[in-house]
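Colleague: Line by line, the protein sequences give chains P, B, D and L.
Start counting the first sequence at 1; every next residue gets the next number (the numbering used here).
Start counting the second sequence at 1; every next residue gets the next number (the numbering used here).
Start counting the third sequence at 1; every next residue gets the next number (the numbering used here).
Start counting the fourth sequence at 1; every next residue gets the next number (the numbering used here).
FYI, nobody ran anything at the bench for these hints, they're computed from the structure.
Given the structure is predicted, the values throughout are model-derived calculations rather than measurements.
Positions of the beta carbon are idealized from the N, C-alpha and C atoms, including for glycine.
Watch out, some of these pointers could steer you wrong.
[Unchecked claim] Across the chosen pairs, the derived CB separations fall in these ranges:
#1 B:Ala22 to L:Leu90: 45 to 51 Å
#2 L:His49 to D:Gln8: 16 to 22 Å
#3 D:Thr42 to L:Glu12: 22 to 28 Å
#4 D:Leu90 to L:Glu12: 21 to 27 Å
#5 B:Gln21 to L:Gly92: 48 to 54 Å
#6 P:Gln21 to B:Asn4: 41 to 47 Å
#7 D:Arg11 to P:Gly24: 49 to 55 Å
#8 D:Asp5 to L:Gln21: 28 to 34 Å
#9 D:Gly24 to B:Ile28: 22 to 28 Å
#10 D:Gln8 to B:His49: 52 to 58 Å
#11 B:Leu90 to P:Thr40: 26 to 32 Å
#12 L:Asn4 to D:Asp5: 56 to 62 Å
#13 P:Thr40 to L:Leu90: 49 to 55 Å
#14 P:Gln119 to D:Gly24: 41 to 47 Å
[Said to hold, decoys possible] A few chain P positions that, by computed beta-carbon distances, are all more than 10 Å from chain D:
#15 Arg11
#16 His49
#17 Gly73
#18 Asp93
#19 Thr98
Protein chains: 4
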Amino acid sequence: MMSNDAWQNAREMYARDNCAQALGIDIIDMDDGVAVLTMTVTPLMLNGHQTCHGGQLFSLADTAFAYACNSQGLPAVAAGCSIDFFRPALAGDKLTATAHVRHQGRQTGVYDIEIINQQANVVALFRGRAHRLQAR
Amino acid sequence: MMSNDAWQNAREMYARDNCAQALGIDIIDMDDGVAVLTMTVTPLMLNGHQTCHGGQLFSLADTAFAYACNSQGLPAVAAGCSIDFFRPALAGDKLTATAHVRHQGRQTGVYDIEIINQQANVVALFRGRAHRLQAR
Amino acid sequence: MMSNDAWQNAREMYARDNCAQALGIDIIDMDDGVAVLTMTVTPLMLNGHQTCHGGQLFSLADTAFAYACNSQGLPAVAAGCSIDFFRPALAGDKLTATAHVRHQGRQTGVYDIEIINQQANVVALFRGRAHRLQAR
Amino acid sequence: MMSNDAWQNAREMYARDNCAQALGIDIIDMDDGVAVLTMTVTPLMLNGHQTCHGGQLFSLADTAFAYACNSQGLPAVAAGCSIDFFRPALAGDKLTATAHVRHQGRQTGVYDIEIINQQANVVALFRGRAHRLQAR
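Work the whole structure out from these sequences, hints included.
Modeller: Structure below.
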């Protein structure tokens with residue numbers, strides 16, 4: 001189901017989201033409780049092992065999380081997150097982060113984000129807990 | 001106990017750590033299993049709520065984690081991390097991240113990182129699991 | 001796809017799993033990387049708030065995790081777990097825990113477990129990291 | 001600093017805590033935001049590998065967490081927890097769980113719990129997020 005509201009919320013967030021823009025993150029798909037974003041790993045994102053810095057992978061997942069948990073139009077912020085890393089990302093890799101709501105209560109929600117590379121191999125799994133600023 | 005080796009490992013890592021340099025992160029103290037880093041929140045680090053992006057706070061904590069878990073001179077990478085956010089960080093805030101080893105086995109270690117602001121209020125708590133590339 | 005091996009591994013584990021038996025846990029479905037278990041909340045499982053103790057919910061999820069990550073016939077143990085609680089479980093509630101593999105590498109795997117009650121409301125979400133005792 | 005209130009709250013909780021009593025958990029020390037509990041591993045707590053079930057270790061840590069986050073006299077429940085396992089516990093091992101508050105806000109708190117065995121080796125590290133039922 002296409003969600004025009006989810007897309008509209010995402011466009012408004014993106015317009016003022018300097019970080020997402022600076023990282024070259026693109027929004028590919030939006031729906032209620034869902035966000036799909038892409039980012040290409042650049043040489044500036046590499047650490048001393050010549051693999052993408054965990055902070056950059058976290059930022060991609062965290063951004064997908066933010067767009068998904070704000071997709072219903074009620075402002076929400078991250079209360080906490082966890083991430084597990086499985087496979088390094090290299091310069092030139094095109095990463096896709098898909099965020100899905102797993103549970104959304106009146107005030108608290110949990111969202112799962114999966115980052116895969118261009119070969120559909122899992123790079124990282126992220127779980128975020130969101131807290132709505134006002135309860136519905 | 002002062003650890004010259006921990007400092008030397010940290011200096012070598014920092015020299016090739018573009019991310020830490022780009023974020024303006026400074027190393028304040030190093031010891032075996034310990035790292036203390038600072039970062040000042042700049043306007044470019046803000047999200048749409050005008051507070052420091054979670055990805056930037058994660059990157060500061062993750063960097064302190066990396067320096068602490070590599071302080072013994074055996075290369076280690078992050079296997080997974082969790083972070084809890086308590087208080088927003090604002091533009092101009094000077095943040096200090098202190099990393100301490102909680103457990104270091106032959107191959108796996110757990111490190112706790114606390115981020116405080118210039119008023120010593122806790123901004124975030126981070127826990128990282130490290131995996132040594134070769135077992136000792 | 002029905003997996004006879006997954007069922008056979010589960011039956012062998014259950015025969016020597018005093019805890020699962022003591023909690024009244026039943027195995028409902030098994031497949032490669034999948035396990036579905038049920039448990040009914042008894043008065044002995046209640047804490048002072050008259051709701052099911054978190055440790056009992058954890059044990060149910062952890063058991064589903066163990067059966068799923070051992071379903072392929074390679075012995076694996078839990079390296080770490082996280083659980084988020086959403087809704088209390090009360091005496092008489094019939095809980096169902098469904099475990100799915102999210103990622104299984106040569107040595108490390110991540111499994112997601114969802115506990116729902118008899119009204120299909122989410123009680124808790126659990127994520128477990130498994131470590132195989134011998135790499136394949 | 002001795003805290004008579006923390007002890008009194010703990011005694012009242014313990015009187016109606018069937019689970020803690022059934023596990024043979026003893027309270028060794030209490031203070032504001034602190035709880036120290038012990039438990040001896042019995043044969044009934046073993047899994048098929050003849051090591052203490054993760055659910056039992058979780059229950060010990062979770063109980064220490066509950067006593068610490070309720071020590072100030074304001075009812076609080078667990079919102080979520082994570083646990084990392086380092087070393088198996090065997091039958092006869094005497095485990096000590098020490099819970100310390102890491103952050104306590106108006107409504108949300110984070111507590112760290114360490115489980116060690118009789119040789120002072122770390123068995124598991126647990127981190128719990130508590131949610132107060134009424135904000136102060």
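Colleague: Does each hint fit the structure? Answer for all of them.
Modeller: Now the hints, each set against the structure:
no.: 1; hint: B:Ala22 to L:Leu90: 45 to 51 Å; in the structure: 49 Å, holds
no.: 2; hint: L:His49 to D:Gln8: 16 to 22 Å; in the structure: 19 Å, holds
no.: 3; hint: D:Thr42 to L:Glu12: 22 to 28 Å; in the structure: 24 Å, holds
no.: 4; hint: D:Leu90 to L:Glu12: 21 to 27 Å; in the structure: 22 Å, holds
no.: 5; hint: B:Gln21 to L:Gly92: 48 to 54 Å; in the structure: 53 Å, holds
no.: 6; hint: P:Gln21 to B:Asn4: 41 to 47 Å; in the structure: 43 Å, holds
no.: 7; hint: D:Arg11 to P:Gly24: 49 to 55 Å; in the structure: 51 Å, holds
no.: 8; hint: D:Asp5 to L:Gln21: 28 to 34 Å; in the structure: 41 Å, violated
no.: 9; hint: D:Gly24 to B:Ile28: 22 to 28 Å; in the structure: 55 Å, violated
no.: 10; hint: D:Gln8 to B:His49: 52 to 58 Å; in the structure: 54 Å, holds
no.: 11; hint: B:Leu90 to P:Thr40: 26 to 32 Å; in the structure: 31 Å, holds
no.: 12; hint: L:Asn4 to D:Asp5: 56 to 62 Å; in the structure: 59 Å, holds
no.: 13; hint: P:Thr40 to L:Leu90: 49 to 55 Å; in the structure: 50 Å, holds
no.: 14; hint: P:Gln119 to D:Gly24: 41 to 47 Å; in the structure: 44 Å, holds
no.: 15; hint: Arg11; in the structure: 30 Å, holds
no.: 16; hint: His49; in the structure: 18 Å, holds
no.: 17; hint: Gly73; in the structure: 22 Å, holds
no.: 18; hint: Asp93; in the structure: 17 Å, holds
no.: 19; hint: Thr98; in the structure: 12 Å, holds
When the structure is compared with the earlier hints, violations turn up for hints 8 and 9 and for no others.
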